[in-house]
Amino acid sequence: MVTSQGEQTLTQTTLGLIEQTFLGRDLTAAYVRLGIFVVAFSTYWILVVAFLGFPGEISHLLAQSTPAFLVPLINIAATFFHPRVIMHLLPVLGALFFAFFFAALYIADLFELESFWTAYHYLLGSVFGLGFPRLRIDQSNINSIDPYSPVKRIGGPGYVRIHLGYAAIFEDTNGIPHVYGRSKAAESTETQADEDQLRATGRSTFFVQGFESLKDVVDLRDRIGKVDEIRSITRDGIEVYAREAQMVFRVFGGEQERSLEYPYPYTSESIRQLVYGQAVGERGKQDWAIALSDIVQNEIRAFVARHTLEEFLALQPYRHVDQDEAPQDRDASSSRSNRTFQIPRRQLTEHFHTPVLKHGLRDKGLELAWVGVGTWELRDPEKTPRGSDISPGDTILTTWRDSQRAQLYRSPGYIKRRQVSREKEHIRASFESWIRAWKGSDRATTQRCFDLLTQIHKQLLAMEERLKEEHDLSPPEDLSKVVQHLDQFTRPKTFGKD
Amino acid sequence: MKENISALFGWTLSLGYNPNSMESVPLYRRPLVVATTVFILFGALYYWLLSSAGPEAVPYSFLSDFILAVGILTLLVCIVYTFNIFSSASSNSRSMLRTLLTLAILILWLFVHVPFFLPGSGRTLMRAILVDLDFMLILTLILLAITAQFVLPVSGSHQRMAVIRRLLGFALSERGPVTYIRDGKSIEAHEESKRVGLGVFLIDHSSAAVLRTDIAFTRAIGPGVTFTKAGERRAEALDLRKQVRSLQGQISSPLESETLTTAAITKDGIPVAVDLSIFFMLDPGPATSQREGRESQSQHYEFNRDSVEKAVYGHMYGEVDDLPWTDLPMLLAADIWRERVKEHDLEDLIQYQPDRTPPLETLQLTIMSRLAVKKDLSNGEPSATSREGAMLQSRGIRVLDVRLSNLRLPEDVQRERTLRWRENWAGAVQEKLSNALDEVHREERRGEAIADDFMVRGFTHSLMGALKGGRPPSRRDTLALLVKDAAAICSQDDRVSYNQELLNHLNQMAESIQKLDPNCHEKGSGET
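As given, the protein sequences belong to chains R and W, one line each in that order.
Position 415 of the first sequence, counting from 1, maps to 415 under this note's numbering, and the rest follow consecutively.
Position 436 of the second sequence, counting from 1, maps to 436 under this note's numbering, and the rest follow consecutively.
Chain W extracted, bound-state conformation:
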């Protein structure tokens, strides 16, 4: 009960219009506040005018009686209509309360008329007010009927009457689904689909929908205005535009991943993956090709009732997730991809021969041929050549294109390929480098040999002369001769690098040696 009261209070505040979306609207801009303020202002102004006009504000006349009579008739119609709404809104307590309140106001209003039809009635002031109120009610309904023509893009008497009826019902608290579907998505308030009254769907030219009741799908509806019967509501909104779904290749075991992937295993057991994109749309019909903006005088998306219906009743449900029609093509394409990859070795997939169609393109064509629907030559009807194609056809889906790219390989395989590439790429260079290095080393050794030849002749020159003369020098003199000749070599700038330092050292050595006795003992040391 408490809930019902708060629901009623909520409705009162917002006057039944989408209370959830009103949170950000300042109080003074809220419909109820505006309506109340206007009503009070009108009332105050009316009261002032009435008091200024005096008791003869509305003279007794046939016209005022006529207005009262029409007013009563209008009120009766409204009461019957509201009662009808009340009876159909029985499942929703909030609707019931709202309708009851409206019904109470209307009945009260009707009963206010009673005294003026009794003999001897003389309440002139009340009568004047009632005549004007009745007149306002009659005029409101007439203007509502005119304004209704601009609420929706209606045409033709049937639609014009229907929209008047919807707007009248709305003013009398009837709430049916009032839904705008744009780009395949329904724009509706919270729990709008639970409304059971007469409703309306406005659908843009790239969308469609299927309606249902609690017990059955009722019909598929396309772009434009559709008026729904009581209890009819949206089952599903659909997008008529070309769709694309893509999966980025990721190598993972199907067990590791909870979402759909393109991970597949080759014939030789290597896991691979690929970037997969699939283009599809709700089948626009056998004779219709995609317009894609080429034609200026036609709608750009075709509403094919048959495929829209199929897409909705073909919606698959699981315990946790469901599978809308837009997810099905990718699911099937990924499955065919896995199946086809299983027939190829890894080498088949990655080898490239200039005169052959690239392997991924071949697979792409295979997947496309499995998903596409072809025209049967015998009867001209579209027919699927595979189980997958038949499944898509049974759900009203036409696949337009499939694209495979970016084959992904396990890291180890990738490394092996890189290694192979490296051998191709760098092998020759490595060999040449090795040969060149050998050459350099050989020449360096040659340089050492030349140096040896030079040195051996240079620093043994004096010693050799002494030996040839038959006077073998003492130990000290041998050393001194050798060091002196070495110093002579070092004095040649072009033969020794950084020779000056070396020369100094050798000269110092020669001097030290000269100071020794012939047997290389320090003089005066007593050694023999």
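The shape of chain R in the complex, shown without the other chains:
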């Protein structure tokens, strides 16, 4: 019983070895098959020659006129290339062609290839290791990589050349991912990730096994992502928009240092996480750069939602007003007078470098180098007329302006200046009214004198009233005499009376 099991195992192992050697999908097996085919074909050729009785021996006359050492060679060639021999080779070559032809058609049908030559090319490499297809990976957009390459459309065997700054992930027939890319050797070799890296150390061209298919390509270079607009709502319910937020990020490289030789370090795990960790949307898989910008957007939104708008504004005008402080930096303040406003930028930027978020990004295979939180603005609702007093943008602007004015109006210097200025203006305005009364009409001189006296009389009465109202001022004692004196010139005369 034990012997029987042992024999069975031995048989299975032997069959497995034969299968692997003859039908394997690696480079060695392909060359073994080519060797077997060449040997079989040669044997057949020799047998055909023998079966046909070595036809085509050169004539005695020709043999005499040919150097002696060439005669056996010419005889052999004449025999092997005799039409009776060659014609029996054609069925073999034809069979080979048509077998490949139908297999190529089947592959083209399976993978919906535009050209069956792609499949033919694949088969030649796959079966005999002849002209292994090559795939050049020099961009991260998998759809733009050579659409006619059998390696891309069908899978290995073939060679993959990975350009600087990229890594590719291939899946073998068991679904196990393999990461290819130029990499520094990993310090430990305990894990598959490190094996991948060891295999990739310093190399840029890799052989991919049969049916090992390209899953994705990752750009290892520092990437700059830009989000045109992020709509967020503050804690007090005001819509704010972040414009042109930018971020610089890259594939997580672990503790590996960057150098000229290995400028784009990565770990196999981070590449796998990037490729397999992403969710698929309605329109297919997103570029991971977009996925990162989604993370940034969500974080910014969450951050904004934790603050009121006041907390975001760098200038809070009423504080200056309350504290009777002059603005420290007028230019800086005036630069904030548009509808953009300042957020606690440092706080927000630091938020992206907290261990929690860093860890979260690392789980996605990413490392954030820098975030620029962009310009923030308050936007007026579409229905709000421009300049309407309730639009947030106008509110910011007018409030800032009003705070500046309040500050100014309360300063003693300004008040004094306004008082003196008003004093001068008042005197001037008073005398100008005299001039207008005198020169402002074409009336007769007597009449103009009357007008001027009336004007002065009225002014004196008004002045007397105002001075009486002021607690520290009073009209001159004799002013009433002057008023009475003028009164006699301005009082209307009543005719018929003495």
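Bear in mind the hints are in silico, worked out from the structure with no lab data behind them.
We put the beta carbon where it would ideally sit given N, CA and C, even for glycine.
Treat the hints with care, since some could be wrong.
[Stated by the list, open to error] Sample of chain R residues at the chain W side, in silico, Cβ under 7 Å:
#, residue
1, Phe54
2, Ile86
3, Asp109
4, Phe116
5, Gly175
6, Tyr276
7, Phe303
8, Thr395
9, Thr399
10, Arg401
11, Asp402
12, Ile415
13, Leu473
14, Asp478
15, Val482
16, His485
With chain R's structure known, arrange chain W on it following the hints.
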């Protein structure tokens, strides 16, 4: 009939291979053209060699007879096989014609052998050709069997035999579904799913599929190679990867919008909307967590036959649209969102208290708990705690996460909130500004009073002196005294702005007045 002929002609041109995708391929690269050219070249070369070789090209021997005998046997097998294909392709006229043509060629080929087995046959040339043709046929089938091993990633004797059978059938015009499923999408030719022959599915490691016949679902298949029986075809291809579906909040009445929205009404009747994202996948099984690339030695997506089957037979169909499994989680999440919002006032949704979980997060957790499936402690089996969860579970879907963000309010509500904010924000400043302005105005009035005090003492000074002296001046002199004193005031630079012009005018006035008579009449005018 015309259609059938054109179909046959189309097949002939492309040799049965995806004619729709051949439009952009130049003629000289088309399979049929290549095959024909090669065949003609081989034929011509063979004819030339045969004519050079003479009548004894293939001597009568046991070997040549053996080849002919094996050739006949092979042809018989091929004919039987093709006949079998013909009988199963009865529903498709194009397949029928194609198979008939193949069958005719094979039978003709078989009958060509007959004369050589009759007594007295001496057609040596034809016999030589036939021996080589038979030899080529036998070799083609052997090489086809070897090449078949590289057409698909097969392993094991069962799969290896199956692929040989498929390729042989393909060469003999059998057409079954030959489909590659990648990333949950089937890559197949036009009407490929209508093919009824033996087929094959190659499925990548992030996909799965369910097969069916005309009358029943047959099985769920996962990554790798699957050989299908005659009549079996794809019912649906599925994506095993983590899915996300998002809806951007848009306030509109459900009646206004034909597509799914997150528009909802609060308890106090205010329409609101929110950006809603839901992450889900086909349930990989109770004990499986998401790998997401962490493990290097395993497949990254789990094929759970049960959930794949459920997702397909749970596909919902309407009169116009259908609802695939990927649309269901969002539909349910949006519905729960609406239901939960109905329990809150608007104020509940928008107020924020530092010591309380933000309202949207609370709603998010509620939706997630309704959609999630929890492990039953009594039997360890997953069980849903809500109707929605049960519905998802019955369709093999596992919800991983729900995210709500960007609450959107009607514009009027937004304006009211802005107004309230404005009051908070700008009210104090407005008050301060108003007070400051009052102060400035007060000081300005004070300035006017000081000016009045100055003026009243200044321009009445001379007149007052004259009155005190008991000599009331005439009208002319009164005016002249006042104007002269005014000019004296104006001559003080620090008291009047732009005084020079004013001074000039006043001096001119004083001169004009001096020229008048005491009663302010022009001298010599005769007025009294």
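*asked:* Of all the hints numbered above, which does this structure not satisfy? Sort the numbers upward.
replied: 1, 7 and 10
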